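Engineer: Using the sequences and the accompanying hints, generate a full structural model.
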Amino acid sequence: MIRCSLSHVQLEHFTVRRGRDVLVEDVSLSLCCGQLTALIGSNGAGKTTLIRALLGEIPYQGRLSYLDHEGKPMRRPRIGYVPQQLDFDRSIPMTVTDFLLAARTRTPVWLARPASAARQVQALLNQMDVGELGGRKLGELSGGELQRVLLALALDPMPDLLILDEPVSGVDIRGLDMFYQRLDELRQAHHLTILLVTHDMAMVRRYADQVALIRRRLLALGPADEVFNHPAYRSVFEGAQA
Amino acid sequence: MNVIYAILDTLLPFDMFRFTFMKNALLALLLIAPLLGLLGTMAVNNRMAYFSDALGHSALTGIAIGVLLGMENQLICMVAFGILMAVVISRVKAAGSSSTDTVISVFSSLAMALGLVILSRGGGFARYSSYLVGDILAITPADLGLLALTLAAVLVLWIVLFNPLLLTSVNPSLAASRGARVKWVEMAFIVAVAVVVMLSIQWVGILMINALLILPAASARNVARSARQYTLLSLAFSLFSGLLGLVLSYLWDVSAGPMIVLILGCIFAVTYLIKARSRVSRAA
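Residue numbers (the numbering used here), protein chains in the order written: chain S, 1 to 242; chain D, 1 to 284.
Hints are computed from structural coordinates only; laboratory data are not their basis. Everything numeric in this text was worked out from a predicted model, so none of it was measured. No residue lacks a Cβ here, since even glycine has one placed at the ideal position from N, Cα and C. Be a bit skeptical, because a hint or two may be false.
Chain D is faced by these chain S residues, among others (derived, beta-carbon under 10 Å) [said to hold, decoys possible]:
#  : residue
1  : Gly56
2  : Leu64
3  : Gly80
4  : Phe88
5  : Ser91
6  : Thr105
7  : Lys137
8  : Pro159
9  : Asp165
10 : Ala202
Over the 12 Å line for every Cβ pair with chain S, so calculated as not near, a few chain D residues [as the list claims (entries may be wrong)]:
#  : residue
11 : Asn2
12 : Phe19
13 : Val67
14 : Ile118
15 : Leu119
16 : Tyr131
17 : Pro141
18 : Gly145
19 : Leu155
20 : Val170
21 : Pro172
22 : Ala176
23 : Ala284
Structural biologist: Written out as structure tokens, the structure reads:
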């Protein structure tokens, strides 16, 4: 079995504010190596805010530590991120290869395209069965194609923590199943730590090892069955989810 | 400078370039066009057309502060105020309390009004009206030196910052997850835009500067598919319109800045039609 370098990601009293508003309050939880943690909650509950703070994009209070198997903090944990259905300007002139090269290399993509880097990008796309997309404009991809490109990018280099923020909105049922199956294979093969934001409770029940229900604060934490039977779950999703 | 002039004389043995002021103007455009052509690509990607317009307007307040301080050359004040304005707008925008266009509009109007109030004291605004349309024929070798240094700095910036900026324009969180320091990258970019806009305004005018920044990139976007095509086309459109505009402004004895903008407008129209046609043929 591959032994991952990260043992767990620890959030202690994690709080995010914007001005006077408290968007995430006093969340403490642990994401373990090889486990998929599903972060659930209603819209506006603070899920995406929590992720943006984890990515270092917005400031937070409290503690966030990445610990190795000896309990020592890791210096530079690698984070892979698949954003929510990308709401970007689809007319930006940029091919899929441009996009992947910009994320992986320092050579500015307008100036040059190193052959070795271009080959690696092609191999990445091939791995996700989207090898033919390299020359297509990023803005012209379908929802499913875009998500595969984004997952390919998030897995290169293989991250210590993979964060997926509603990664499959706008993808059809077959694509959805394929996406989660592929994710599960990767988790087992590489012992990935995964944090997944989703509204799809059937997938949570099937794939999540741990479920965290938040509405600004952490309301419930545990295995899916436990959380789904928690009174807080019913109060959040009353009538909204099965 | 004499060496450069000699080279120009050999390359361009035309009557109009016998004059030193025309050679200087030509060199100025060879420096300003790539500056605006490059920065414009990301300004358009990040939907900053209105933001850069506001920056241009704020030049008036920069000039006014310089005048109040009794400075002979107000450039330092313009650049400093432009940077301040850019930083403040982006911070207020990031706080997200009002919509972006409202925030920019408030700052833009205030900065312009303040400048006009100070400069029009005692009915003296006419002295500063040349800033509105600019005068590229008045550029000196020292000004050219400053522009050349700026172009070198922006090229370095464009090599270091292009990839993170491109990713940020798609999704800032994604860029952050790839190790880009999104806030710093964005800040460095808007400061570069502020500096370049302020340095160019004297020569191309407050009223025209934004068109020169936005139109080459907007035209390139109509026909480009890759980041490389986008950048190179924007540069090409910017240079072509700058040079043709200078020649036509000399021949017809009109101001260069507006002439360049008219040519850019034509380029935009042509590229727009090409884009529309390719859409129709793809749909069919």
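Engineer: Hints broken by the structure, by number, lowest first?
Structural biologist: 2, 10, 19, 20, 21, 22
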